[in-house]
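Participant: Letter by letter, the sequence shown follows residues -34 to -1, 1 to 291 in mature numbering (1 follows the signal peptide of the UniProt record, and there is no 0).
One or more hints might be untrue.
[Said to hold, decoys possible] Derived CB-CB ranges, DEER-like:
no. : residue 1 : residue 2 : range
1   : T20       : D235      : 58 to 64 Å
2   : N69       : A161      : 41 to 47 Å
3   : A70       : K240      : 39 to 45 Å
4   : S110      : E13       : 50 to 56 Å
5   : G37       : Y219      : 48 to 54 Å
6   : V254      : L141      : 48 to 54 Å
7   : R128      : P225      : 50 to 56 Å
8   : S110      : T243      : 36 to 42 Å
9   : N174      : F247      : 33 to 39 Å
10  : V254      : S95       : 22 to 28 Å
11  : H85       : T149      : 30 to 36 Å
[What the hints assert, rightly or not] Derived DSSO-like pairs: lysine-lysine, alpha-carbon spacing no greater than 30 Å straight-line:
no. : residue 1 : residue 2
12  : K270      : K217
13  : K114      : K62
14  : K240      : K252
15  : K217      : K264
16  : K98       : K62
17  : K135      : K114
18  : K188      : K252
19  : K143      : K220
20  : K181      : K233
To be clear, the hints were calculated from the coordinates, so they are not data collected in a lab. Cβ coordinates follow ideal geometry from the N, Cα and C atoms, glycine included.
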Amino acid sequence: MYFKLAMLLRFSKCFNVFLFLLNLFFLFSCSSPAANKQASTDEEELEPGRPSFTPIAGTDFFEVRRAFDNGLAFDTLGFEQEPVWHLNFISNDSVKIFSPDSNAMLHYSIYFDQDSIFHFGREWFRVRSLAKDSLLLQRLTVVSKHVKEARSNVYMKLYSARFIRDSLKTTVEELRKPRPNDTAFIQWRSNIANANPTVIDSAFAARNPVQLIPKNPNITVKRRIFSETERLNQSAAYAYLYPEYDIVINKAYKDFYYPFSVLVDGKGDVHLGKFVTSDEFVESRKKVLEGIINVYLKNLLTIKPGTTLGIPHTSLIMLRVRGIE
């Protein structure tokens, strides 16, 4: 009897150990994948060659420099690359970008393609470098799913707010100011444009366009302002690259309406640019338009030349002039 009881107790103990081991087996077999998945980093789950934004998630980054691959913020046409972005990566698949129009941080999804190429904020980028306090992005021109490398020549440098404040001990506004090489380039272009005030190809767009200020009640000037719908289909720079003015002259010698362009040089003098008419009327139309410029525009307007970085230079503007007898 005692022997049977001892065997029963021994069996019971072994059975309990067996159940304990069995429970451990099921516990680890069920929980390990989930635990491993939770413990695994985003880097382990990302596609090969994809940079991770996890190390910088939650950090405010401000764009401090945007320039072409030659290091300049301006091109020969006068277009300026402006550093305006403020972004904050939420995770590897989402980012918040500040919108000046909405005055708020807007959420965008991040799509990864290949070779460090991403799409977010309605733009394509290649991540050139990624560190705790700095980012270097290359803006890409993508056509039919192919990167046009020759046109993908703009680079954006971003610093974290912490780095700007604590390490550089300056402000975003200060870092965004044009560099000395930008000023030297604009001075060089201005010298060429002002030396050839009647040559359209020598002129370039003024960052602060020409001002036409009436000094007589018989003339009014209205610079064209683009609607929200029009701005959706053009760059923000269009307004200063191609400035347009509607001019109405009362008590004119007769009723007329002529659209034409003029070159306003660095001294504020006006020179006829281009106009459209039949070949047989080119000379007569030219005389009429030069007469309108010399008799009306130069006498009834205070004309201030366009400037870039404070430097006055020759620039081209479009006029639509209406005369009312």
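Participant: Determine whether the Cβ-Cβ distance between N69 and A161 falls within the hinted range of 41 to 47 Å.
Facilitator: holds, 44 Å
Participant: Could one say that the CB atoms of G37 and Y219 fall in the range 48 to 54 Å?
Facilitator: This hint holds: roughly 53 Å between Cβ atoms.
Participant: Taken at face value, is the distance from the CA of K62 to the CA of K114 at most 30 Å?
Facilitator: holds, 27 Å
Participant: So the hint says 22 to 28 Å: do the beta-carbon atoms of V254 and S95 match that?
Facilitator: At 59 Å between Cβs, range violated.
Participant: Are K98 and K62 close enough, with their CA atoms no more than 30 Å apart?
Facilitator: Given pair K98, K62 holds - Cα atoms ~17 Å apart, limit 30 Å.
Participant: Holds or violated: K188 and K252, Cα atoms, limit 30 Å.
Facilitator: Satisfied, since the Cα-Cα distance of roughly 24 Å is no more than 30 Å.
Participant: With a cut-off of 30 Å on the C-alpha distance, tell me whether K135 and K114 pass.
Facilitator: The given pair, whose Cα atoms are some 38 Å apart, is violated under the 30 Å limit.
Participant: Within 50 to 56 Å: is that where the Cβ-Cβ distance between S110 and E13 falls?
Facilitator: violated, 23 Å
Participant: For the hint 48 to 54 Å, verify it against the beta carbon of V254 and that of L141.
Facilitator: For V254 and L141 the Cβ distance comes to about 51 Å; the hint holds.
Participant: Holds or violated: the 50 to 56 Å window for the beta-carbon distance between R128 and P225?
Facilitator: holds, 53 Å
Participant: Does the hinted range 33 to 39 Å hold for N174 and F247 at CB?
Facilitator: holds, 36 Å
Participant: Taking the Cβ atom of T20 and the Cβ atom of D235, is their distance within the range 58 to 64 Å?
Facilitator: holds, 59 Å
Going down the numbered hints, you'll see the structure goes against 4, 10, 17, 19, while the others check out.
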